[in-house]
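Engineer: As a plain string of letters, each chain reads:
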Amino acid sequence: MEHRFGPYGGQFVPETLMPALAELEDAWTRARADDSYRSELARLLRDFAGRPTPLYLADRLSERAGRPVYLKREDLNHTGSHKLNNALGQALLARRMGKQRIIAETGAGQHGVATATVCALLGMECVVYMGVQDTRRQRPNVQRMELLGASVKPVDAGAMTLKEATSEAIRDWVANVASTHYVIGSVVGPAPYPAIVRDLQRVIGDEARAQMLERERRLPARVVACVGGGSNAMGIFSAFLADEDVELIGVEAAGEGIDTQRHGAPLTVGGRPGILHGSRSAVMQNEEGQIIEAHSVSAGLDYPGAGPQHAHLRDTGRARYVAVTDDDALHAFRVLSRLEGIIPALETAHALAWLLAQSDGELDLVCLSGRGDKDLAEVLGGAGA
Amino acid sequence: MTGARASGIERIAAAFADRKGRAALMPYVMGGFPSLAESTRIGEACVRGGADVIELGMPYSDPLADGPVIHAAGTHALAAGADVAGVLEVLRALSQEVAVVLMCYANMVFAPGARAFAERLQRAGACGLIVPDLPQGEEQEVLRACEQSGLALVPLVAPTTTPERMAAIGARARGFLYTVSVVGTTGERLALDEHLGEILARAKRSTEVPVAVGFGIGTPEQARQAADAGADGVIVGTRLVRAAAESEDPAGAVELVLAELAAGLAPGR
Chain B
1 MEHRFGPYGG QFVPETLMPA LAELEDAWTR ARADDSYRSE LARLLRDFAG RPTPLYLADR
61 LSERAGRPVY LKREDLNHTG SHKLNNALGQ ALLARRMGKQ RIIAETGAGQ HGVATATVCA
121 LLGMECVVYM GVQDTRRQRP NVQRMELLGA SVKPVDAGAM TLKEATSEAI RDWVANVAST
181 HYVIGSVVGP APYPAIVRDL QRVIGDEARA QMLERERRLP ARVVACVGGG SNAMGIFSAF
241 LADEDVELIG VEAAGEGIDT QRHGAPLTVG GRPGILHGSR SAVMQNEEGQ IIEAHSVSAG
301 LDYPGAGPQH AHLRDTGRAR YVAVTDDDAL HAFRVLSRLE GIIPALETAH ALAWLLAQSD
361 GELDLVCLSG RGDKDLAEVL GGAGA
Chain V
1001 MTGARASGIE RIAAAFADRK GRAALMPYVM GGFPSLAEST RIGEACVRGG ADVIELGMPY
1061 SDPLADGPVI HAAGTHALAA GADVAGVLEV LRALSQEVAV VLMCYANMVF APGARAFAER
1121 LQRAGACGLI VPDLPQGEEQ EVLRACEQSG LALVPLVAPT TTPERMAAIG ARARGFLYTV
1181 SVVGTTGERL ALDEHLGEIL ARAKRSTEVP VAVGFGIGTP EQARQAADAG ADGVIVGTRL
1241 VRAAAESEDP AGAVELVLAE LAAGLAPGR
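Residue numbers (this note's numbering), protein chains in the order written: chain B, 1 to 385; chain V, 1001 to 1269.
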């Protein structure tokens, strides 16, 4: 399976982890070819997660946009986001590998909740690393994880957000690699993770493409998704990669503006590639290679890197990456709530804001990657910071 | 010896050859911690305390292989303004006295380009480079750059390293082979891994260069045990960084701890 995407990807990790990455790749290669693994995953996706998720023609949003807009409703997936698709697949894989202890990182808390949920389902031990800043702004998700039996470990290094939580999860894995599987939550990290997470999230795109063909008898002109690490985007994009007429748009966090350093938009801004969390990709860094802290109102997009395949899709021109500010995302959050009765995650609101700003287009598909209940305190100004 | 004409690789070999019947003592110093000037003084104290090779750490924003003590020291150093030029000045000063190997994370090596980075290191007087997140399989570009500059690219092996990987890593090791004694990040441990002798034996069979042990060694007894288990060199990091962090006189504190470690390694003890 792919270790590199053009010049991106790779395995930049301590030697201690290299055998575990090889073991993971081997286990995944065998599992995905194994009917018992695939049927168990399919059963849980259907009966536990509630898939397939609906494809919804958003009437009033379409009216506002001046063209039909479909929403792929990952917010209706169990636990409220697309993250469960990956967590289920990886936890079943961990069980096959005989690993009983699961660790994960989380930013917005959605991946942490999904992983804690699956660990409760399968009776596995679960430890979730989360930046202290994020435990404050996503408090409801901390409570959910603890209720599900996970141990939430606050990380107080650096900006105390997703980057540091991921680093701490990797350090835990280095120390406990024999007993532990690291359920990474996005299409980032050392190979084979970006390919595994993409393949597990591809269900979003496969369903949406078939649903769109059934409803509209044609493919969308554009597929739009938000990008932090980029798993919901990679999941929906991957089913459309071969459809060359379908434009793929990834929406990053412009934070306070991409001309400031307070953003989370490494793909949009460009510049020299860097290495973060085990792979080479688009990274926010200074001249000497120190990683720069990202900023976004949305904890899930508050990350200075992005998946290596996204960087490659950008370079080859197959996908285009744009960025939306905090303010515009907050506005779109309210717009969708009022127009459609759907409160989106702040991450997803970035994709919606970009969509609302376009006057052109004929048929749009947006990945509604998660629901926004977790964000109420942040949006309504009640978050302690 | 100034090493003006000897390559970095030769200078490391000489340091191991000169170690007078005991395992080489290889202290780790975080560049720029608690300040650039003080880290130079700590390095000089290490030389007085009997260091054979110094491992100088380049502070980094995201040190995945480091435990909390070294991570915090790096964060402190960066906040205090440490940068590549400053740390290489520390390196230049120490390299007048002792062989210095830089420990630096991969993104900083690739930032200016591996070739340019290696040339800059060589000009500063470095003998070698350790990149803790550049495993076998990703090393080619940096290995070529180091070879062109006469620097030793020192690879790491871990208790989890498979026999196939061990053979490949041992064969291309230059300077010395860095054996990680524990499954984990840097930091002090109550006891050495019970399989240390076994790991060391595997490492020594795989290579012709000296084998040094690091991660988890903090006491004179542990240094001695590592040497008795066959290590040609003993790397001590976190214990010294902690001594520097906890003292009003960081260089003095490090010198004291190092003297105890040197006594622990002394022949005939």
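These are computed hints drawn from the structure, not numbers from a lab. As the structure is a computational prediction, the values presented were derived from the model and not from experiment. Misleading hints may appear alongside valid ones.
To give a feel for the contact side, a few chain V residues facing chain B, derived at Cβ under 7 Å [claimed, not checked]: (1) LEU1036; (2) VAL1098; (3) ASN1107; (4) PRO1135; (5) THR1185.
Here are the simulated distance ranges between beta carbons [stated by the list, open to error]: (6) B:ARG38 <-> V:GLY1113: 43 to 49 Å; (7) V:LYS1020 <-> B:ALA175: 33 to 39 Å; (8) B:LYS153 <-> V:ARG1189: 47 to 53 Å; (9) V:ALA1259 <-> B:ARG272: 41 to 47 Å; (10) V:ARG1189 <-> B:ARG30: 56 to 62 Å; (11) B:GLU256 <-> V:GLU1248: 37 to 43 Å.
Don't be surprised by glycine CBs; every beta carbon is placed ideally from N, CA and C.
Engineer: The structure should be examined with respect to each hint, and the outcome stated for every one.
Structural biologist: Against the structure, the hints:
1. LEU1036: Status violated, d = 15 Å.
2. VAL1098: Status violated, d = 25 Å.
3. ASN1107: 4 Å, holds
4. PRO1135: 5 Å, holds
5. THR1185: Since chain B brings a Cβ to about 5 Å from THR1185 of chain V, closer than 7 Å, the hint holds.
6. B:ARG38 <-> V:GLY1113: 43 to 49 Å: Cβ of ARG38 of chain B to Cβ of GLY1113 of chain V: about 45 Å, so the range 43 to 49 Å holds.
7. V:LYS1020 <-> B:ALA175: 33 to 39 Å: Holds, at about 36 Å.
8. B:LYS153 <-> V:ARG1189: 47 to 53 Å: 21 Å, violated
9. V:ALA1259 <-> B:ARG272: 41 to 47 Å: 45 Å, holds
10. V:ARG1189 <-> B:ARG30: 56 to 62 Å: The hinted range 56 to 62 Å is violated for ARG1189 of chain V and ARG30 of chain B, with Cβ atoms some 36 Å apart.
11. B:GLU256 <-> V:GLU1248: 37 to 43 Å: 41 Å, holds
When each numbered hint is compared with the structure, violations occur for hints 1, 2, 8, 10.
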